[in-house]
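Peer 1: Based on the hints, put chain B in the right spot on chain A.
Now for the letters of each chain:
2 protein chains.
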Amino acid sequence: MSVYDQGLDKCAANYAPLTPSTFLQRAARVYADRTAVVHGDLRRDYASLYVRCRRLASALRQQGIGEGDTVSVIAPNTPEMLEMHFGVPMSQGVLNTINTRLDPAAIAFMLEFAEAKVLFVDRQFAELAKQSLDRMTARPLVIGIDDVLEPEGEVIGEMDYEAFIATGDPEFDWQEPADEWQAISLNFTSGTTGNPKGVVYHHRGAYLNAMSAIIAFDLGNSPTYLWTVPMFHCNGWCCPWAVTAAGGMHVCLRKVDPALIYELINKHNVSHMCGAPTVLNMILNAPEAVRRELPSGGVSISSGGAAPPSAVISGMQKLGFNVAHLYGLTESYGPSHWCEWQPDWDDLDASGKSQKLARQGVPCLTITDHAVLDPETGQILPEDGQTLGELVMRGNTLMKGYLKNPSATEEAFAGGWFHTGDLAVMHPDFYAEIKDRSKDIIISGGENISSLEVEELLYQHPEIMEAAVVARPDDNWGETPCAFVCLKERAGRSLTADALIDWCRARMAHFKCPKTVVFGPLPKTSTGKIQKFVLRERAEQLAASDV
Amino acid sequence: MSVYDQGLDKCAANYAPLTPSTFLQRAARVYADRTAVVHGDLRRDYASLYVRCRRLASALRQQGIGEGDTVSVIAPNTPEMLEMHFGVPMSQGVLNTINTRLDPAAIAFMLEFAEAKVLFVDRQFAELAKQSLDRMTARPLVIGIDDVLEPEGEVIGEMDYEAFIATGDPEFDWQEPADEWQAISLNFTSGTTGNPKGVVYHHRGAYLNAMSAIIAFDLGNSPTYLWTVPMFHCNGWCCPWAVTAAGGMHVCLRKVDPALIYELINKHNVSHMCGAPTVLNMILNAPEAVRRELPSGGVSISSGGAAPPSAVISGMQKLGFNVAHLYGLTESYGPSHWCEWQPDWDDLDASGKSQKLARQGVPCLTITDHAVLDPETGQILPEDGQTLGELVMRGNTLMKGYLKNPSATEEAFAGGWFHTGDLAVMHPDFYAEIKDRSKDIIISGGENISSLEVEELLYQHPEIMEAAVVARPDDNWGETPCAFVCLKERAGRSLTADALIDWCRARMAHFKCPKTVVFGPLPKTSTGKIQKFVLRERAEQLAASDV
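If you read the protein sequences in the order shown, they are chains A and B. With the numbering used here applied, the first sequence covers 1 to 547. With the numbering used here applied, the second sequence covers 1 to 547.
Keep in mind that the hints were calculated from the coordinates and are not lab data. These numbers come from a predicted model, not from an experiment. Each residue gets a CB set at the ideal place from its N, CA and C atoms; glycine is no exception. Mixed in with the good hints there might be a few duds.
[Unchecked claim] Anything over 10 Å on all C-beta distances counts as not near chain B; from chain A, calculated:
{"hint": "1", "residue": "D9"}
{"hint": "2", "residue": "V290"}
{"hint": "3", "residue": "E340"}
[Said to hold, decoys possible] Derived pair list, reagent style DSS-like, types lysine-lysine, alpha-carbon separation capped at 25 Å:
{"hint": "4", "chain 1": "A", "residue 1": "K10", "chain 2": "B", "residue 2": "K404"}
{"hint": "5", "chain 1": "B", "residue 1": "K117", "chain 2": "B", "residue 2": "K404"}
{"hint": "6", "chain 1": "B", "residue 1": "K10", "chain 2": "A", "residue 2": "K10"}
{"hint": "7", "chain 1": "B", "residue 1": "K267", "chain 2": "B", "residue 2": "K255"}
{"hint": "8", "chain 1": "B", "residue 1": "K353", "chain 2": "B", "residue 2": "K318"}
{"hint": "9", "chain 1": "B", "residue 1": "K318", "chain 2": "B", "residue 2": "K267"}
{"hint": "10", "chain 1": "B", "residue 1": "K524", "chain 2": "B", "residue 2": "K488"}
{"hint": "11", "chain 1": "B", "residue 1": "K488", "chain 2": "B", "residue 2": "K515"}
{"hint": "12", "chain 1": "A", "residue 1": "K404", "chain 2": "B", "residue 2": "K10"}
[Said to hold, decoys possible] Chain B is faced by these chain A residues, among others (derived, beta-carbon under 10 Å):
{"hint": "13", "residue": "Q63"}
{"hint": "14", "residue": "T70"}
{"hint": "15", "residue": "W181"}
{"hint": "16", "residue": "W341"}
{"hint": "17", "residue": "G385"}
{"hint": "18", "residue": "D429"}
{"hint": "19", "residue": "I443"}
{"hint": "20", "residue": "S444"}
The shape of chain A in the complex, shown without the other chains:
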């Protein structure tokens, strides 16, 4: 034992378990009168937000909520949803935000699996919640949220949210968790097969990812943040905590609607927002009539979930949005990577810039390492921008693990790496580029085809708004690329499947070009991700009906 270990222990003065709840406490004092939340005509300052969160935490304690107790919520991005992100952790409970697009069977499964003690329900989702609760044996305490901006639905439950928090102490003396490794939230993956997995976050990781987000998003001092990413998705990429730490203004948004987005950006001088590429696409293709002038400094928009096609990036930049590209998974608290801009990229032409920016990029400060592994041998593959393998990473902002699923946790963390399940190459400059989800690779005549590469080309076609490519089973080739395409709404134009295939063949190796093209709207998840598993089913049906 060295002299540096003697009489130099942790004490109340020099050690506090890391928790993002301290960011709100600080904000309530440093930014007391500053507007914390905007929702329609509603404005609340940081002092009020903190009081409401303390009341919520206190009311939950009175209902017996403590360490390891799950508090679930079905709500869009409202002030109450933001309050949950502080009030529940301050009660020592675990926040479980539920995807509002799920069906009652899935929600009932999650609530039972999480052993939810309390369920908060926004009135819009009253019917969904009732049907879910009807399937359960152990019913949680239900609290209805009556949002002034929501005319539909019923306020259900034993009590209404306002009445509930009124039972709490506005000066509640909340405590940091005894251990920063304590669970703070539970996020179910949108797993396309089988039952969803429950991803558990801890206080330390939420704190660190929020710090990292302030730096990566360059939030600066007092940003204005528009809530386009659902908070039920990876806790809104930790932005409830990050934006609060930065003393920012949270502009709530119940629904991702381009007209409303333009209106709120213009009205509140939004400085930052995030969204899936589909959200970018929606903004880019909004009718002229709903577009509004952007703030003079532009709007930073961080896009994650999938690589935004380069045509979308350049289109957004022309409109005055500064597009950043992030990457992450539910298991990594949202963003684990960002495509950090390098000064020498300034000299590239537009296409060169887009190519750089289309890559998922480098790990955030809180991720200590990443690599691309050979799926067979587990060895690190060369950083040559060519060799395809599985992207893995390690660090301090990766989940505790999957709830009640030790085998899945062990598999995810095998060999001391978190396995993303994404196929990527590592470039010589240490930037990772996802080529596909393992299951999204199309193998045609023994050749691997990246569906992302085909999609990237399709997005360059002037008449295409959205496109997704999946494998269609084929007796001859094994699989062939099948493109699902949604065209822009313009009168007097029509693109045929054959014309589009020819257009592709003029620009890409023939074996990679779609053999089938289907026109129409694309199915999406609530977070704007295109549901490729639905398209894969359709492609299989097409193949079956051809036989």
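Peer 2: Just chain B, lined up with the frame of chain A:
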């Protein structure tokens, strides 16, 4: 035990002890070709910097350095000094940077107290080191640093730095500390009485304070940082780590010289720098001939150590510097507070702005709380901007404690707070304002006089460059204010003591005005702090000679 504690443990994939060494590892990959260090004509990129630090760590390991072993260094802000901040922690050793202005007796005491195993010595300080070593019984391994920019002094020791690191492995597989609470560095306080205390930092705190510094200094992406704060002072406020994390360029500086500062700012487009108010004053009062144009975006200068007088702040802003005001102590890894700008201050007039900015401000994100306590009762005093007490704080960026000094550690952390020893008021907006060090309060005729308040007035006098006020013992009043004043160099002007006292009496309560004025240069520490204890001695001599 809840379900959230079962099968959800730490593993190599989801947990890594926090250490700032990971910032360099990341920078070497993400910013490999970017210039990391500039020193005269020397340029090194991040890949090279990392290789040199790995060599250094490896060479230290070969000399037997491991956990809890002290590695000391006497050097100014050179590339080698920066390398120490990574190489020593990567070897598991503890970095002990020594103030170059100390005398041999003090340095010998520190080296023996710290049980230094290795001592690195820049050639400029060879004589100082030799005299220090001569006083020691257990002599450490001495390595001389031969800096090309230093023509004076001898390269002493068993080996030269370049030869030493050449013995190390450039691919050394360094390890994170087993525990993030492990000591990373040892900084002696410049204690004005008795032996200095050894402040011990840990890896976790250094990591967190660096993250906080990136946010507080708004370093952004690829800042250019000029090294005006000595790295031997609180490890350069954690900027060796923060600037590296941000992929910034370190511009080294052996000596705080206004001509050189202007030249380097202009040549390298410096974006950020830090310094004591004296450094600001030096820049502000530099002769016209040495001034150079600043970069178009201005230069962010964060000032700490003492409140910069408002005349200095406004003068610097006129020159194109954006002045931020920080506060901290050796015990808080440098900055614990910053005077965060509030948007509504934009509407204040110049004097209103200066008043706001003169306050020490609010805690950084990593400090969880602060307060002003009644020194007698230990109770929290009202936040009224009036009631004077001791500023205290708690959080994750406060030292492990004082080395081999459990009683001082216990006293510093009494009651779950770190006691700063600074007298402050807490304003209703949660901003702290230091009125004085406990020992800097002048008690005259039973009235408390803040020496800072008198100094603030003196700095407004157009002919005064620097001023410091201390207590002069007085048989009648107990104490009276004694002003030491350094005038600006202007031909044909002369200010008398009587004229200055009259000028003060026209502007301030008479009992607060200096009764004695002494003209001449002010004694300073190596970090630019005015040495009030020297002035107090002079004031005592003046009083004694009057009797």
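Peer 1: A separate judgement is required for each hint: does it hold in the structure or not?
Peer 2: Going down the list of hints, with the structure as the test:
With a closest Cβ-Cβ approach of about 8 Å to chain B, D9 of chain A is found to fall inside the 10 Å limit, against its non-interface label. With a minimum CB-CB distance of about 30 Å to chain B, V290 of chain A clears the 10 Å threshold, and the non-interface call stands. Separation of E340 of chain A from chain B is inadequate, the least Cβ-Cβ distance of about 6 Å not exceeding the 10 Å criterion. Using a Cα cut-off of 25 Å, the hinted pair K10 of chain A and K404 of chain B holds, with the two alpha carbons roughly 16 Å apart.
At roughly 17 Å between alpha-carbon atoms, K117 of chain B and K404 of chain B fall within 25 Å of each other, so this suggested pair holds. Between K10 of chain B and K10 of chain A the CA atoms are separated by roughly 20 Å; this keeps the pair inside 25 Å, and the hint holds. With a C-alpha separation of about 17 Å, the suggested pair K267 of chain B and K255 of chain B falls inside the 25 Å cut-off, and the hint holds. Note on K353 of chain B and K318 of chain B: the hinted pairing holds, with a Cα-Cα distance of about 14 Å set against a maximum of 25 Å.
As the CA atoms of K318 of chain B and K267 of chain B are separated by approximately 21 Å, the hinted pair is consistent with the 25 Å bound. Of the pairs offered as hints, the one joining K524 of chain B and K488 of chain B holds, with about 17 Å between alpha carbons and a cut-off of 25 Å not exceeded. Proximity of K488 of chain B to K515 of chain B is assessed by CA-CA distance (about 22 Å); at most 25 Å being required, the pair is judged to hold. Distance restraint check for K404 of chain A and K10 of chain B: the Cα-Cα separation of roughly 16 Å lies within the 25 Å cut-off, and the hinted pair is therefore satisfied.
At its closest, the beta carbon of Q63 of chain A sits 16 Å from a beta carbon of chain B; the interface hint therefore is violated under the 10 Å criterion. A cut of 10 Å between beta carbons decides the hint on T70 of chain A: the least distance to chain B is about 9 Å, and the hint holds. Satisfaction of the interface hint for W181 of chain A is found here, the shortest Cβ-Cβ separation to chain B being roughly 7 Å, below the 10 Å cut-off. With its C-beta approaching chain B no nearer than about 7 Å, W341 of chain A sits inside the 10 Å limit, and its interface hint holds.
Look at G385 of chain A: its Cβ only gets to about 15 Å from chain B, farther than 10 Å, so that hint breaks. Nearest Cβ of chain B to the Cβ of D429 of chain A: about 7 Å, under the 10 Å cut. The hint holds. Given the 10 Å rule on beta carbons, the hint for I443 of chain A is violated: about 30 Å separates it from the nearest Cβ of chain B. Annotation: S444 of chain A was flagged as interfacial toward chain B, and the flag is violated, the nearest CB pair being 34 Å apart, outside 10 Å.
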